[in-house]
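Asks: Listed in order, the protein sequences are those of chains A and B.
The numbering used here applies: residue 1 is where the first sequence begins, and numbers increase by one.
The numbering used here applies: residue 1 is where the second sequence begins, and numbers increase by one.
Honestly, the hints are just simulated from the structure, not real lab data.
Each residue gets a CB set at the ideal place from its N, CA and C atoms; glycine is no exception.
Hints may contain errors.
Within a straight-line C-alpha distance of at most 30 Å, the following computed DSS-like cross-link-like pairs (lysine-lysine) qualify [said to hold, decoys possible]: (1) K128/B x K167/A; (2) K128/B x K110/A; (3) K268/A x K128/B; (4) K19/B x K66/A.
Sample of chain B residues lacking proximity to chain A, with all beta carbon distances greater than 10 Å (derived) [to be verified]: (5) G30; (6) G104; (7) Y124; (8) E163; (9) H167.
Short, incomplete list of chain B residues facing chain A, as computed with Cβ under 8 Å [what the hints assert, rightly or not]: (10) A60; (11) T64; (12) N67; (13) S98; (14) V101; (15) F103; (16) A145; (17) N146; (18) G147; (19) N182.
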Amino acid sequence: MHIHRTPEQIAADRQRYEEHQRIGLEFSPKTPPTPSPRPAPMPNAESVAMTRSVPGGWYTTQHLAKGEVLRLLPQGPVSAVALAAWSATDTTERMNLPDTVKLQWTTDLKKGRVIFSDMGRVMLSIVEDSCGAHDALTGGSTPATVAQYGDPTLRNTRDNMVLAAAKLGLDRRDLMPVLNVFAPVRVDGEGKFEWRDGMISDGDWVELRAEMDLVIALSNCPHPMDPRAGEVPAPLEVTKIKAGPVPPDDLCRTATPEAQRGFENNAKAEG
Amino acid sequence: MEQTFDIPAQKPWSGIVKKGQTIRIEDTFGQQAIDTIFYCADDYTERYSSQDTLRAQGSAYITTGSNIMSCEGRVMLSVLADTSGRHDTSAGCCSCESNTVRFGHDTLYQHACRENFILELGRYGMTKRDIVANINFFMNVPISANGAMTVDDGISAPGDHVEMLAHMDVLCVISNCPQINNPCNGFDPTPIRVVIKG
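Given these sequences and hints, build the entire structure.
Replies: See below:
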């Protein structure tokens, strides 16, 4: 069965797509958000809901209510942090990185961008980001990637995520591709992945604002492409900041038509 | 033994490929994205992992020589032949919900790959939870050095195919992509063919 469409239908759909594409690909040059400053400013003590330190190689889980902000700040040399996220009200709704990069026409996730769920809704906004060097494509460390270092005590992100999921009442079926924060992986002209060390610096930090009630998992293990992937990284400081007002012209909520439609889907789901 | 399956435009399909058999996925009419997920036939919780596949090969597209990896770090299949050139595994499958974000709220009630996957996976006791980032055979999604990513016109000609050798018994689940809002199907979804040999 071949569902033939008319040349007029095809031409109209192509024209519509090319208009979306033109606007989507223009975002970066048009609206270059300034990277957040280093060192990270101290959050106002009254606004801090929780802070904890995750040892190198370990993981943690965290509930985030809508509007709360999660700050990630490695306490020593910068090293990747793998992130997974689920809706707290329905964990079958979860972070979807393929949709996140496709919908925003870029793999270059940084300040001003958002992270989508598989339901076309925004889960997280990248509201502060000092480096703009994160990896949505190549995943975290695994038992296989750390085995090459010959140190049986080295932990890895895959096992951390299985453990973190279990402590949220979830299992391997609930895991998804992870976002590696502080991981400067880019694609070269031949399609090869490369690690661009110069894009990250000690003191780098990000803040992610929850746009729905979430549970998240974090793994403090080096990215497998990091030249220091065989080392135990510094502790990760995780801070939860209380929800504050979001101005109408908030960058993440207004930067692109796609983000706006995502937030419209959030509003519909909230009824 | 050779089994041939003709899959109509916009429809799902699934089948078992035994260890040692090959599966050929053919883009019969050209420029047709074929969304595909593999599961270990003995344990569906072991399934295709796009991130493990890309990291292990160190490059962003699937083609001849690529090993299709599972979430447990095992090789599920290897790509023996590819007459088209390269295939995406970063952009995922289309869904009613993501279509609204990408193309406007009026596209909510259009058929999409995730609908196909949910219905086909249901036959095996699996649900939406079990949909993972898939392979998009014959979908052309170049990723630039600055990160820019777009679905471009397909580069596959009629009859182009990918042939893979199974390294374990796998369940192959396909959505013959119904998308009409971007060029991944030439705005005109067409039938495809799957051939399992050995």
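Asks: Which of the listed hints are not met by the structure?
Replies: The structure conflicts with hints 4, 6, 11 and 12, although it agrees with all the remaining ones.
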